[in-house]
Structures are given as C-alpha cells and as structure tokens.
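There are 4 protein chains.
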Amino acid sequence: MIQSLPNNRGRLLVACKDQPGIVATISSFLQKQGANIVQSDQYTTDPEGGMFFMRVEFDWSTKGDDFNQIREDFQSIASAFQFDWRMERATRKKKMVIFVSKENHCLLELLWKWKAGELHVDIPLVISNHPDQQEEVESYGIPFVHIPVEKGKKQEAEQKAIQLIKEHEADFIVLARYMQILSPNFVQSFPKKIINIHHSFLPAFIGANPYAKAFERGVKLIGATAHYVTDDLDEGPIIEQDIMRVNHRYSSDELRVAGRNVERIALARAVVWHHEDRVIIHGNKTVVFS
Amino acid sequence: MIQSLPNNRGRLLVACKDQPGIVATISSFLQKQGANIVQSDQYTTDPEGGMFFMRVEFDWSTKGDDFNQIREDFQSIASAFQFDWRMERATRKKKMVIFVSKENHCLLELLWKWKAGELHVDIPLVISNHPDQQEEVESYGIPFVHIPVEKGKKQEAEQKAIQLIKEHEADFIVLARYMQILSPNFVQSFPKKIINIHHSFLPAFIGANPYAKAFERGVKLIGATAHYVTDDLDEGPIIEQDIMRVNHRYSSDELRVAGRNVERIALARAVVWHHEDRVIIHGNKTVVFS
Amino acid sequence: MIQSLPNNRGRLLVACKDQPGIVATISSFLQKQGANIVQSDQYTTDPEGGMFFMRVEFDWSTKGDDFNQIREDFQSIASAFQFDWRMERATRKKKMVIFVSKENHCLLELLWKWKAGELHVDIPLVISNHPDQQEEVESYGIPFVHIPVEKGKKQEAEQKAIQLIKEHEADFIVLARYMQILSPNFVQSFPKKIINIHHSFLPAFIGANPYAKAFERGVKLIGATAHYVTDDLDEGPIIEQDIMRVNHRYSSDELRVAGRNVERIALARAVVWHHEDRVIIHGNKTVVFS
Amino acid sequence: MIQSLPNNRGRLLVACKDQPGIVATISSFLQKQGANIVQSDQYTTDPEGGMFFMRVEFDWSTKGDDFNQIREDFQSIASAFQFDWRMERATRKKKMVIFVSKENHCLLELLWKWKAGELHVDIPLVISNHPDQQEEVESYGIPFVHIPVEKGKKQEAEQKAIQLIKEHEADFIVLARYMQILSPNFVQSFPKKIINIHHSFLPAFIGANPYAKAFERGVKLIGATAHYVTDDLDEGPIIEQDIMRVNHRYSSDELRVAGRNVERIALARAVVWHHEDRVIIHGNKTVVFS
Numbered sequence: 001m002i003q004s005l006p007n008n009r010g011r012l013l014v015a016c017k018d019q020p021g022i023v024a025t026i027s028s029f030l031q032k033q034g035a036n037i038v039q040s041d042q043y044t045t046d047p048e049g050g051m052f053f054m055r056v057e058f059d060w061s062t063k064g065d066d067f068n069q070i071r072e073d074f075q076s077i078a079s080a081f082q083f084d085w086r087m088e089r090a091t092r093k094k095k096m097v098i099f100v101s102k103e104n105h106c107l108l109e110l111l112w113k114w115k116a117g118e119l120h121v122d123i124p125l126v127i128s129n130h131p132d133q134q135e136e137v138e139s140y141g142i143p144f145v146h147i148p149v150e151k152g153k154k155q156e157a158e159q160k161a162i163q164l165i166k167e168h169e170a171d172f173i174v175l176a177r178y179m180q181i182l183s184p185n186f187v188q189s190f191p192k193k194i195i196n197i198h199h200s201f202l203p204a205f206i207g208a209n210p211y212a213k214a215f216e217r218g219v220k221l222i223g224a225t226a227h228y229v230t231d232d233l234d235e236g237p238i239i240e241q242d243i244m245r246v247n248h249r250y251s252s253d254e255l256r257v258a259g260r261n262v263e264r265i266a267l268a269r270a271v272v273w274h275h276e277d278r279v280i281i282h283g284n285k286t287v288v289f290s
Numbered sequence: 001m002i003q004s005l006p007n008n009r010g011r012l013l014v015a016c017k018d019q020p021g022i023v024a025t026i027s028s029f030l031q032k033q034g035a036n037i038v039q040s041d042q043y044t045t046d047p048e049g050g051m052f053f054m055r056v057e058f059d060w061s062t063k064g065d066d067f068n069q070i071r072e073d074f075q076s077i078a079s080a081f082q083f084d085w086r087m088e089r090a091t092r093k094k095k096m097v098i099f100v101s102k103e104n105h106c107l108l109e110l111l112w113k114w115k116a117g118e119l120h121v122d123i124p125l126v127i128s129n130h131p132d133q134q135e136e137v138e139s140y141g142i143p144f145v146h147i148p149v150e151k152g153k154k155q156e157a158e159q160k161a162i163q164l165i166k167e168h169e170a171d172f173i174v175l176a177r178y179m180q181i182l183s184p185n186f187v188q189s190f191p192k193k194i195i196n197i198h199h200s201f202l203p204a205f206i207g208a209n210p211y212a213k214a215f216e217r218g219v220k221l222i223g224a225t226a227h228y229v230t231d232d233l234d235e236g237p238i239i240e241q242d243i244m245r246v247n248h249r250y251s252s253d254e255l256r257v258a259g260r261n262v263e264r265i266a267l268a269r270a271v272v273w274h275h276e277d278r279v280i281i282h283g284n285k286t287v288v289f290s
Numbered sequence: 001m002i003q004s005l006p007n008n009r010g011r012l013l014v015a016c017k018d019q020p021g022i023v024a025t026i027s028s029f030l031q032k033q034g035a036n037i038v039q040s041d042q043y044t045t046d047p048e049g050g051m052f053f054m055r056v057e058f059d060w061s062t063k064g065d066d067f068n069q070i071r072e073d074f075q076s077i078a079s080a081f082q083f084d085w086r087m088e089r090a091t092r093k094k095k096m097v098i099f100v101s102k103e104n105h106c107l108l109e110l111l112w113k114w115k116a117g118e119l120h121v122d123i124p125l126v127i128s129n130h131p132d133q134q135e136e137v138e139s140y141g142i143p144f145v146h147i148p149v150e151k152g153k154k155q156e157a158e159q160k161a162i163q164l165i166k167e168h169e170a171d172f173i174v175l176a177r178y179m180q181i182l183s184p185n186f187v188q189s190f191p192k193k194i195i196n197i198h199h200s201f202l203p204a205f206i207g208a209n210p211y212a213k214a215f216e217r218g219v220k221l222i223g224a225t226a227h228y229v230t231d232d233l234d235e236g237p238i239i240e241q242d243i244m245r246v247n248h249r250y251s252s253d254e255l256r257v258a259g260r261n262v263e264r265i266a267l268a269r270a271v272v273w274h275h276e277d278r279v280i281i282h283g284n285k286t287v288v289f290s
Numbered sequence: 001m002i003q004s005l006p007n008n009r010g011r012l013l014v015a016c017k018d019q020p021g022i023v024a025t026i027s028s029f030l031q032k033q034g035a036n037i038v039q040s041d042q043y044t045t046d047p048e049g050g051m052f053f054m055r056v057e058f059d060w061s062t063k064g065d066d067f068n069q070i071r072e073d074f075q076s077i078a079s080a081f082q083f084d085w086r087m088e089r090a091t092r093k094k095k096m097v098i099f100v101s102k103e104n105h106c107l108l109e110l111l112w113k114w115k116a117g118e119l120h121v122d123i124p125l126v127i128s129n130h131p132d133q134q135e136e137v138e139s140y141g142i143p144f145v146h147i148p149v150e151k152g153k154k155q156e157a158e159q160k161a162i163q164l165i166k167e168h169e170a171d172f173i174v175l176a177r178y179m180q181i182l183s184p185n186f187v188q189s190f191p192k193k194i195i196n197i198h199h200s201f202l203p204a205f206i207g208a209n210p211y212a213k214a215f216e217r218g219v220k221l222i223g224a225t226a227h228y229v230t231d232d233l234d235e236g237p238i239i240e241q242d243i244m245r246v247n248h249r250y251s252s253d254e255l256r257v258a259g260r261n262v263e264r265i266a267l268a269r270a271v272v273w274h275h276e277d278r279v280i281i282h283g284n285k286t287v288v289f290s
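Protein chains in written order, with the UniProt record's numbering: chain A, 1 to 290; chain B, 1 to 290; chain C, 1 to 290; chain D, 1 to 290.
It is worth saying that the hints were derived from the structure and are not from the lab.
Listed below are the simulated DSSO-like cross-link pairs for lysine-lysine, each with C-alpha atoms no more than 30 Å apart in a straight line:
hint, chain 1, residue 1, chain 2, residue 2
1, B, LYS193, B, LYS151
2, C, LYS285, C, LYS192
3, D, LYS213, A, LYS115
4, A, LYS94, A, LYS193
5, C, LYS285, D, LYS213
6, D, LYS115, A, LYS95
7, B, LYS193, B, LYS166
8, C, LYS102, B, LYS93
9, A, LYS213, B, LYS285
10, A, LYS32, C, LYS32
11, D, LYS102, A, LYS93
12, C, LYS95, B, LYS102
13, B, LYS160, B, LYS94
14, D, LYS115, A, LYS102
15, B, LYS213, A, LYS285
16, C, LYS213, D, LYS285
17, B, LYS193, B, LYS94
18, D, LYS102, A, LYS94
19, A, LYS102, D, LYS93
20, D, LYS32, B, LYS17
21, C, LYS151, C, LYS193
22, B, LYS285, B, LYS94
23, C, LYS193, C, LYS93
24, D, LYS102, D, LYS193
25, D, LYS32, B, LYS32
26, A, LYS95, A, LYS154
27, D, LYS102, A, LYS115
28, C, LYS192, C, LYS154
29, A, LYS95, A, LYS160
30, B, LYS94, C, LYS102
31, C, LYS95, C, LYS193
In this text, all values refer to a predicted model and were calculated from it rather than measured experimentally.
Using the sequences and the hints, build the whole thing.
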C-alpha cells in the first residue's frame, strides 16, 4: 500500500517459541527508546509450546538514539528470548532484481507500480534469458542484462547472474515469469529471497503448462500463486494466491491470456508485502501481516 | 434461479458434431410447431470439425400440438443430424435423492432452498450411512433411510440403495458430503446422474482430508468443487467451483468449518444448474449455459 | 470462527487518543497478572493526535488472580489513559435476540450456525411482527414471541419488545430482515447493540426496495451490508459488506432471491465478529480486527 | 478475450420487440448465405410483449457473397421485423480515441493490452487536458494531443476535440480518468460511443471525490463502474462493475491508490466487450453477451 512514510518509521519482525512476556518486553523496550508503536500484530500458533510471530511498526524519537542504536540495543533482548528477528527502516528502499523471459505482463506490472510510486523499491537490474524486453526495460531507465541460458551451460549463466546480483547488493529477486528452473546452487545463494509467480492455484497443476492442464481438466477457476522459491519446484512457501472465473468457452490459449491478469496482480501483492516486511517464513508456510 | 415458469415452457439441449445449418433447422422446427424461443445459447468448440452445443428455452403453443408431440416430431431431425439431445418440460420437477453422512451443512442448504422455492425438485428420499440426520430430514416431511455400510458389506448396502433409487424413479443423485466411496457398479447404474461436492478446488487435494492437506501446504485460498461422479475418484466433469480467502491464523479445523460455506454454495449452484438443464457433459468436461 | 476456547481466555478491547507507551503499559499489566498474550492487533489512525485501537486475546493464569480481579485492576490504568475499553471472558456466551419478519433466510443462517457450533451465543428469544416463523424457531427449542406492529401502535409494540429484551438480559440484537423501522426511542435503548442487514451495498440504494432499484439502475453487482443501527436509517457504522455478480438476465425478483445468499453470509460474518469482540465502533465507522 | 479470428467471421447484434420466428428467420437467412453460426446468444425480457436481444457470430462462405452483400441483404429482414441492428466484420479494428488527465493507470492498462494483442483496436489519438502523459503515449507510437480546458473556454476545447475525433473517424471514445465533465453538446455528438470509468460502485458515491466519500462512510468494499456516458452525470448505462475489499486501516489516499487496480480492470473489460460487439444498450441498461 502506498504510504508517505515518516523518516523515523521502523519495522520489527519477530518469530520465536511462545513464552510469557514477549509483548511486554518488546513494547517496554521500544517505550524506553522513546519510540511510539504505530501498529502491531501478534499471533501465536498455540499458547502451549507454539510459535510466536509479531510485527511492529514504530516511530522512533528523532531527538534521542538513532535507529542503528535501537537495533543494536535490541540484540540483547533478542538473544535472551532466542528471537529470529529483523528490524528495518521503513523508508529504506530494498533493492529488487527482476528476472523475466519473453512474456512481459508481470514485469510491466512491477515497473508500472514502481513508477507510480506504489512500490518503493530500487530496481538496479532486470535480467533475462531473452533479449525481447530490453527496450521496454531501458525506457524506464533501468539496466537490462541479457544472460542467455544455452543448453548445458546453465551453470555459467547462473554464475554470471549471481555475481551481478551480489555486485548490486540486491535484497531480493522476483521471477516475473522467468521460464527457467533455477539450480539448487542458485536458490541456496539467496535463501528466502526469491519470489516466483506460478500460473496456477498451487498445488494444482504443478510444473509446466498449467493452463493446458487446466483446459484439459475443465476447471471453472484458474489461478496464480506467488511463493518463495525453494529447491522443490513449485513447493515453496505461498505468499499470495488469487483466481478468476472461466467457463467452457475459453480455449487453452484464452485461459493463458486471461490468466495474465491474475498472475500480475497476485505477484504485485506479494512483492509489496515482502517489501513492506509483512511476511515471515516459517517452515514451508508464511505468516502474512496484512 | 427462481422463476415462476409458464406451463408451456420447454427446454432443448443438443450436442453434436458441428455442421452448417443446425441453428436454422432447430429454430425453424420450433417455429413450425408454433413455439416461441425465449432464450437460446449456442457454442461451437471449433467451426472446423468441432462440437456444437446448444440450449434453447421455448414456449410452445398451447393451442396446437402438445409437448410430447413436439418431442416426438423432433426425433427425425435429431436422427438426421446425429444429435445427442434431450427435451424437457421446464415445469417438470426432477426427482432428487440426497446421500449424506454426518455433516449436514450441504444437506441443509439443499433442503432450505427446496423449502424456500429456490430449488423446484421433488425429494423422495434422503439416504445416509449414519442415523444422525433422521430427525432433521423428517422435519421437512421427507423420508429418511438409514443404510449402514458395514465393513465388507458395501455391496449389499449399495444394492439396497440402488433398489430404492430405482423404485422412486429418481432423476439424479446428490452426494451432500457422503463420506463413502461408491463402487463402479453403483456409479455405472446412474451414469451422468450423480453430483458430488469435493471439499477442495480440484485438482488440488484429491482424496481424503483436503483441509488437513491445505493446512499443511499453507494455501491462501480454500475451495470446493461440485462435479459429476465417474469411476475415477475426484476426476469427474466439474460443474462448479468456488473459493474463499484464508490466512495463517486458520487451524486445520477452522479451515474445515470455514470451508462449509464454500461447499454448500458451490453444491447448491451445481444442483440448480443441473435441475434447470443448463449442463451438458462432454467427455470429462461440462458445458454450463448460465 | 469456531474455536475450542480455553476457559481462561480473555479479550480486551481498547480505544483512546494515541499517546506513547500504551502497548507497553497494557502488555506489562497483563504480564504482571501472569497472563499470556495469545493474539494482539493494534492500529493507530495517525501517530500525531490520532486514535489508538487495540484488541488483545490473553490466557490468564489459572493459579493466580481470577478474571474479575484482572478486570478490576485494569480500571486504574484505563482511567489514567482515558481508555474506552471492555474486557470479556472469551467463553462467555453473549445473549442474542433475533428480530425477523416473513423472510427467513437470515434467521435460518443464524440458527443453523448456532446449532452447528459455529456461533457460540445463547438465543433466549426470537421476536417477530408476523407469526410465520414460529414453528421453525420453536423446532430449535427457542422461544418465539409474536409482537404484531399495528398501525399507530408501534410504540406499544416496541415497549413490549424492550421489556422482553431487558428481562432476558440480551447482550445484543440482530435484525434478520426485520421489515419495520425502529423508533429513536428503541434504538437509543440499545446503543451500539443492534445489528441490521440491509439488502444493498450501502450507501447505494438506501431505504425500501433496494433490489427493485438495483434492477432499474441496471447494476452488474448486487450486495448486502451489515451495520449497527443508529437513528439515521441505513446510515449506521458498517461492519461487513459483500456482493455477487448479476447480469441483464435477472429480473427484479430474481435479484431479490439471489441476494439472499449475500445477505445471510454478510450478516452471519458480522454477528460472529461482534460476538467475538472483534468490532470497535468509532464515530460512524468500525474497526474490525480480523 | 484474445482470439486469432478468421477473416470471414461476422457479428450480428439485434434488438427488437419480441415476436415469434425471429431466431428461425435470422438463422435461415445466414444459412442461405452459406454462413455457419459459430456462437449465438439470445435473450427475451418477457415472452409477452418484451424485448428480444440476440448476438450471433458467424463465418460466411468465402466462396459466395461477400460480407457487404450479406449486410445489404439483411436489411430487408431487418426492416420487416423493425430490428435495431448492426453487423460487423469481427476482424475490423475499431478506432478508439482515449481521453486522459493526469492519472495514467487506466490509460496504461489500455495501451498495454493493446500492445500485447489483447485489445485489437486502432488508437489514432490520445487527447488530454494536461501535457503529463505526452512522452508515455508517444513511446507507444501514438499521437498525443494536448487540449487544455481553460476556464470559460470549455466549448472551444470540446470543439477542437470533436473535430479531431471526426477527422480520425473514431468508432468510440474512452474516458480513462478524464477529469472534466463533458457538455451535453459533446455527449450528443457521440451517442452510445463514450465509455467512462467512475471510481465507485455506482450508484454509490456519484460525483467528485468518491474515495474521500467512501472513507467518510467507512465502507468495507470499494469499487469502480464502467458505463456509457449520457447527459446525466454518472447515470449512464452500466457495462461493468467490480470491487475490492478494504478495511479500517486504509486512509482516504490509500483507498484511492488501491482503487486504481479495480478501475483499470473494470474499464479494460468494458472496452474489450464494447469492441467485440458484446454490448447492446437498451434504455438506461446494457445487455452484455459474455
């Protein structure tokens, strides 16, 4: 969601085993720092031995300690409670690298929202295994790198991409209909940092050609799933899904075209949520603070 | 959809290989009978060698030939074009037998719509493998038959059900969360006449415990699928699907409860469409004239 | 949502002017009482002089102070911060009185969810200006009171209803398609405690016959709105809205019938949220903690 | 919907008073021309004195008479039955002129679908009262004309626009968030040919600033309405509406931004349907053949 964020807005995400007093500890800590909690969501899977998840938005005092100090001071609490946590300035633009192949609807949705100020990221780079989108991408003032993936030379191509991503210090990667399967080596280089859009409501129609499969099955809904990429194809933690109604009049090709609308919107939502630190990955699922 | 239907309303459903002149032939035939076409939908999968599907609602002349005569006369056209067809009086109430187990939300949705006049069927019988719903069903003035399915004695139970269904001359059967797998013998006794509700958006989560599987997978949508029953479990032609949004806060049990709303509404829609002769089965898919 | 709630689950709702330290104060208070926060949501309209809203679910220590003591102790904090607040045992069943006229779809949805254990209220009474639903209501073991509203005698009828509601110590009132306009006197007797379902997506089609108006206007969506009742007809705080797609084939009457599905589902959601203390009224709006 | 249409595909739209034999007459006519009906939809508001609406897609014989001859020959039937009708080549690209002001989300959605081949129109011109979108539009190779609307000089501005539209022989006009009210003179120059997107689910929030009004009212859904423009502001025949869920966390400004998604999708659907000859205007409503 678009927001004109104050410069002193921070976000804290915490996951840990549930135990009494966490909320009080965190909120008291922030109060002592002179920070005001603007929004908080907290959820426990099970009060008896379950997991605790929390997201806090706060405005820190602009007079007292600065953000880095708060983050440093929080470390001792985090250690005591064994938090899995991160604290971010809300106004820091994350660096997002986009991968695309030939179809550009997901790419354009992201570029457009970026240009419209709905997606406050920096986009240092778009990488593609095809040259088709070069002109479009560069018209936004964004560098485009064509890294062809030749048969038997996927490793070299991925190495080149990994190096570029690291050089640009990207925070996360979006596969905007990138039609190559990434190797475990690539995926493990960016754990919990790669978002993919799959063109079906997973777990239906895993793998290639989901619209052709949907046509064969005669479904009355088609969908799309934005998820984090793991080593298991189409099995990573789901961030967002959406669907649209179809009927017997749709050919397989028409399903594919109609589905673009669902894909781009589901992906854009997931990217915004990821960027706004609304998502915690836990096991093979996500907690999404809306 | 509720309708105060005129007594002389007829419905014609036609499927055949596409060939020029079918619409003209059918509409001219009806005109000669003094019938007025009130609504018609026609769809061809492919003008070159595809399938032709058509649904016509018409009001026949109450002065001239009666409905049975029209149907009889239509036979010669149907033979010439090799139609797969049926012609029905719109006001004839189809006989619907409901199967249920313990959970009653789908059963109640159907009974309620029936009582409210939204579903113009006759319900000669509700059959269950459990006695739980007897009182509820009988309070609607509908006979309830408890046919337990004991281990190793499924065949006897099914035979009893088949006999009852045939005695009551049922037009179709609705499995309103009937938690038994029907044998091929049963299914083949009522081809294209058994509607089931599966508690997932098929083909996701085929088989038992779809909500538990949905919970494990961490999906952001749950769904339900109304389909005709074939020998392949959960693989029959889909009539209707629907979904609802869920999030990380839902336990497996809460998914199951929330899903009831989707199940009953998807099933009720499919039953109404089937009853109103809006569905043509073609291969493993349906054409639904909305 | 259905939940098998522990006996020591409490809920706290707080609204006040935003000021630093509220979350810390509330969570520290609960920690000192030995209570564990299970879920919390907090939202501030504007960090500078805005409103603070919070909902907390907590499990209090079954060894230490009991719930009433916690509530009593909280009063001093609440006074200091000028909280508008309430604290409830989650397992206490609220008493809900239903008003109905002739159409029963909303009534039946509530009764059914109640019987299915999806709505943990007590229903001491159903009141109607028509006798039609008596048998249905009594079949659920719930008393039915027929209070006709004769021309010029609305005041007497309302007085009778008010007296009954007070005798039964009802917590809230649901107008499940009650087709009478309540007087300001009645409304003011139960402030913030009357939920109505209006059969349009407000503010479209305020007043009588919204489906006829929707038909005239040729809308492509129809909807329903569950809202708290205030003196201004159809202008009270909205709790929930939903819609469904329609098209040119729907007659005014078919819109009315189709709309029943939307009405009953929107109303049921609003009632569950109200019952689960998820709604805070602020001015003419609601904060709904989902 | 995208379609690789055959060159000999035609579309026929008919509206008239219902009378027996229309379907037979039309289909027999097409058969005699050697045309094959590929799809047809027909709907009657009331068999007794109602209106008859029909849409037919047909492939004419490429050997025999050509399309213009068919259209000419149809005239005599049309006169006899007093049809309001049109017959179009499906492959003829209609000429669409877009009006835009400063916000470009609706404009870009149309340009993008156009470039992706999802919208088979020609766009001879984009007209705007602001210069902001010039670069964007021209990057698509489409001429952009800036016609400022100065106070008291609206008539001159409209005259200039009317002249340009007529010079380019535009088939229809899309107001893609054009923030000027058109004069009756302009509207009457292009009857049934101007499509507007209004940023609310009409008839709610007619007029200016619907998102601010939606925020004030505390609605739980926001919407958008694509409609034909008539002299009565926001009162023209509705083609399509859509909505999205919102909650108390949305500021007025966030509603406005979130609503962009709904606006552009509802408008794009309406434009595609208009272009594919799926819409018949009747009185203040539309019949949309899906």
